[in-house]
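Engineer: These protein sequence lines map, in sequence, to chains G and X.
Under the numbering used here, the first residue of the first sequence is numbered 15, with each subsequent residue one higher.
Under the numbering used here, the first residue of the second sequence is numbered 115, with each subsequent residue one higher.
Treat the hints with care, as some may be off.
[Claimed, not checked] Here are a few chain G residues that face chain X, going by a calculated C-beta distance under 7 Å:
no. : residue
1   : TRP81
2   : ARG94
3   : PHE113
4   : GLY156
By construction, these hints were calculated from the structure, which means they are not laboratory data.
Using N, Cα and C, we set each Cβ at its ideal position, and we do this for glycine too.
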Amino acid sequence: MRDAVADLVRDGDTVAIEGFTHLISFAAGHEIIRQGRRELTLARMTPDLIYDQMIAGGVARKLIFSWLGNPGVGGLGAIRRRIETGEPAPLEVEEYSHFGMVGRYTAGAANLPFFPIRSYFETDLPVANPLIRQIESPYGDGVVFAVPPLRPDVTIVHAQRADAAGNTQVWGLLGCQKEAAFAADRVIVVVEELVDEAVIRADPNRTIIPGLIVDAVVVEPFGAHPSYVQGAYDRDNRFYLDWDAITRDEASLQAWLREWVYDLPDRAAYLERLGPARVASLRPTASARSGVVDYGEYR
Amino acid sequence: MSEAIAPGMATPVPFSKSEMMIVAAARELAGQHVCFVGVGLPNIAVNLAQRTVAPDLELIYEAGAFGARPARLPLSIGDPTIVTGATAVVSMYELFSFYLQGGLVDVGFLGAAQIDRFGNINTTVIGPYERPKTRLPGSGGACEIAINAREVFVIMRQSARSFVETIDFRTSPGNLGGAEQAERIRREGGWLGRGPSVVVTDLGVWHFGDDGEMRLDSLHPGATLDEIRATIGWEPRIATSLATTPAPSAQELRLIREELDPLGAYTR
Numbered sequence: 015m016r017d018a019v020a021d022l023v024r025d026g027d028t029v030a031i032e033g034f035t036h037l038i039s040f041a042a043g044h045e046i047i048r049q050g051r052r053e054l055t056l057a058r059m060t061p062d063l064i065y066d067q068m069i070a071g072g073v074a075r076k077l078i079f080s081w082l083g084n085p086g087v088g089g090l091g092a093i094r095r096r097i098e099t100g101e102p103a104p105l106e107v108e109e110y111s112h113f114g115m116v117g118r119y120t121a122g123a124a125n126l127p128f129f130p131i132r133s134y135f136e137t138d139l140p141v142a143n144p145l146i147r148q149i150e151s152p153y154g155d156g157v158v159f160a161v162p163p164l165r166p167d168v169t170i171v172h173a174q175r176a177d178a179a180g181n182t183q184v185w186g187l188l189g190c191q192k193e194a195a196f197a198a199d200r201v202i203v204v205v206e207e208l209v210d211e212a213v214i215r216a217d218p219n220r221t222i223i224p225g226l227i228v229d230a231v232v233v234e235p236f237g238a239h240p241s242y243v244q245g246a247y248d249r250d251n252r253f254y255l256d257w258d259a260i261t262r263d264e265a266s267l268q269a270w271l272r273e274w275v276y277d278l279p280d281r282a283a284y285l286e287r288l289g290p291a292r293v294a295s296l297r298p299t300a301s302a303r304s305g306v307v308d309y310g311e312y313r
Numbered sequence: 115m116s117e118a119i120a121p122g123m124a125t126p127v128p129f130s131k132s133e134m135m136i137v138a139a140a141r142e143l144a145g146q147h148v149c150f151v152g153v154g155l156p157n158i159a160v161n162l163a164q165r166t167v168a169p170d171l172e173l174i175y176e177a178g179a180f181g182a183r184p185a186r187l188p189l190s191i192g193d194p195t196i197v198t199g200a201t202a203v204v205s206m207y208e209l210f211s212f213y214l215q216g217g218l219v220d221v222g223f224l225g226a227a228q229i230d231r232f233g234n235i236n237t238t239v240i241g242p243y244e245r246p247k248t249r250l251p252g253s254g255g256a257c258e259i260a261i262n263a264r265e266v267f268v269i270m271r272q273s274a275r276s277f278v279e280t281i282d283f284r285t286s287p288g289n290l291g292g293a294e295q296a297e298r299i300r301r302e303g304g305w306l307g308r309g310p311s312v313v314v315t316d317l318g319v320w321h322f323g324d325d326g327e328m329r330l331d332s333l334h335p336g337a338t339l340d341e342i343r344a345t346i347g348w349e350p351r352i353a354t355s356l357a358t359t360p361a362p363s364a365q366e367l368r369l370i371r372e373e374l375d376p377l378g379a380y381t382r
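One chain only, chain X, in its complex shape (with noise of 0.2 Å):
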């Protein structure tokens, strides 16, 4: 399925929506030491940024490898090219306990279907829990990572039905109701994470302000305000000093098309 090119750029390498947001995504990671890497679009992200803006992240996935170098990207999180040339291999007791549980992960990164303004995440159903419009996958590790995470990251598409007021059942916490409510009780439960600090769509980049709602803070190339105000269900927050994401480079473009998706099945 083919994506709109994004128009009036002065790239030399025409992208898709997709494409953005997977580098974007790839990008936040400038920095970061240890990722647990969630199913799906996460992914790729995290495999891109192992070969551009962060080549000594250590992989974690739940699968139970840690210090992964997938030598081709996995379509599933527990295919063996993520085992072969690891620095371990470990059951799932130990990297939920000593790994995540234990305080090591600095990013853990989430994809979600439905995600409200203050980065609680619905990955359960769409509709009632007893009979689901939409069964969705549920928790996996999600809900142990957003609460024992260092800090949260999120990659999804943007729309009316993914950007919504409610989310219709929590399964991972974000800010709560807000930041205030959400560090007294991360603080009184002892949690380690410090909950969402970043949501890279489709369309843009959001970090989460001082008061836990988030913030657009960047604009991809060919995405507009009313683009990003038609696929939200709450009146968005727009930073004052709105950037525009820098459009994918030849090289970025290059490891996704080549060498990590070939067939397209991530950017879709």
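Isolated chain G (complex conformation) (with noise of 0.2 Å):
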């Protein structure tokens, strides 16, 4: 993971970390944070911890994003504190409904000049980010909104299993991390287990990001904690509930960075601190397999 983001990850670059609550590598953003990066451009459909962990940490200047919060728990402290009393840094913030960065990471990866959306009627949200622009149909048959694709220097995504050449499969929900994969400069992939060549092949449906796009593979056991990998272990609701107090304010969430990230080498040391309690208490109550499809042969 170090070399990975020492490599690929470059002040003033626009990074996402994509990954909608599933497979979001705060392994990643942790390593960013300890590297110190300055001035990145941070996007994400949902903020979530990490970049509230992250913006805390003093790498980004500027967010990208359509929900900002702790989802049904509470607010992200360290984002709001940015943008109400611009303290300690003001953040530039540009805003979208998850549909407009849908449609913008998918116009990124198709290399089209924008995407046209049928959102945005009759709000305010074109008036507070004048990027999204109300466009006739070429065809006569009515308005619809066009956002601007998104291509970013680096997308971080977690996921189940790649191979060494970076063939990453996904199981569970997918959010928008095949469409930021293909729409950015350099892809990072941080999986569970890095499996056999064979592996993949046997189940080609599964593959969401072929090698041909990715950069970098950094395996990460545990790497999405206290987001999840389904199959692999839940979410740790307990650690997001948690979060609202240490949030809340600038000093405990510094004390937090501190001992959970500056002090820390890497993610093992992060895990030998978790506990292995805590890493058990985590795993599914049980498996659920899918069934095994026949892909048939053919000579």
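Work from the hints to combine the two standalone chains into their complex.
Structural biologist: Structural data, given as structure tokens:
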């Protein structure tokens, strides 16, 4: 992880750590904080706790997003303070709806100049963000809204497994990782497990990102905690609830960053601090295996 | 945090205002087929509905699940329990493009921070956008749900700060400045949605009249019209035949307390 971030994430980059609730690479976010990246533009549909932590860590000057919060719990204190008070430094924001963000990544991935959607009618969002623009259908059947392509310098995704070439498979919620990866200039894939190429080829329908577009594969088991990995570990909802008190106060947030990010060398140390009991408590209560499909052989 | 128990009702089990709100919202889903579930209170209401009045309800979670059958109430709407046993898991592109914008959603179920008499919703900021007094989560999928779902249900606690004459930011359109204007704009814009049809609060149930303004049709047991007027920023329209919402049944309360929200995360 240290090498991947050092080589591929640069000051001033637009960085997208995607994953909708599921598969959020907290390990990559923490490494970016530790390496002291600055002036990043952070893009994510849901900034979640990881961008609250990264923004508290001083890595970002701008945030691109569509829903800002700790779902079912509350707010993201570091981000809110920077928006509401401009302290310790103002944070530039560029705001869309979820479909707008999905459309932006899709346009970025498909090399399109914009993406049209039937959202934003009669709302204040195009006023708050003038990059959301109304356009006429060239076929004369009405008006839609356009969003511009989003092409991150780096997209980072967490996944269940990949092979050494970066061919990446995911199951469970897919979010917009595929679109965000194809839209990016550089891609880092972080996985629970490195598998043989034959495992990938035995189930090609599950591959969402081909090694063709991947620059680095990092093996980091439990690297998504407190987010989750379908079939491997549960979302640590206790941590999401606890975050509400930590993030309310800048001093407690900085103390948390010291204890869990700055004072630790890597993810292995984080897991050690988390402890085996907490890790064990997050395993699924039982397995729920998919059936096996037959792709057939054709010679 | 506990809430006042509704006094003087001939019910076997006392209940809180939040529980009454969730139960009333769930009952509104009777007869509905496909529901797009918003974050927060809508989540517990639809899960209660699936276990009571609407067992065949198809739940769509914006994270990418269709036909979810959550075995536990997810704190977040991106929880692994919405995947296991679901009919389909799809990318968010497919979900918003084909399922929502393609016109397959009957009810979009939203929460709100501020609402006006015509059901226009703010979930973005309190105060000016550039330097807000309170920065709220923003749209998420709400703005496209409000435009593309056949109808919109809203669940929210009622207060003078939330039921306001003028919302600070329009995140999700309701009946705009009234039904006439809203219907014209929806027709001209080719919207699939008809806008809001019900708002369920901790005090009562509101439906929207022909002119597009919300009307209090049912008052929850224990709530009073004085309370309604003290928690609203305009002179409310009250149904001439105002009903009293039937109290939660023992079964509904058991499901909320034992199965859906044993820690009280939603009912606090």
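Engineer: Run every hint past the structure and note whether it holds.
Structural biologist: So, going through the hints one by one against the coordinates:
1. At a threshold of 7 Å, the smallest CB-CB gap from TRP81(G) to chain X is about 4 Å, leaving the interface hint in force.
2. With 7 Å as the threshold, the beta carbon of ARG94(G) comes within range of chain X, its nearest partner Cβ sitting at about 5 Å, so the hint holds.
3. The restraint placing PHE113(G) at the interface with chain X holds, with a minimum CB-CB distance near 4 Å, inside the 7 Å limit.
4. Interface restraint check for GLY156(G): the shortest CB-CB distance to chain X comes to about 5 Å, inside 7 Å, so the restraint holds.
In summary, this structure violates none of the numbered hints.
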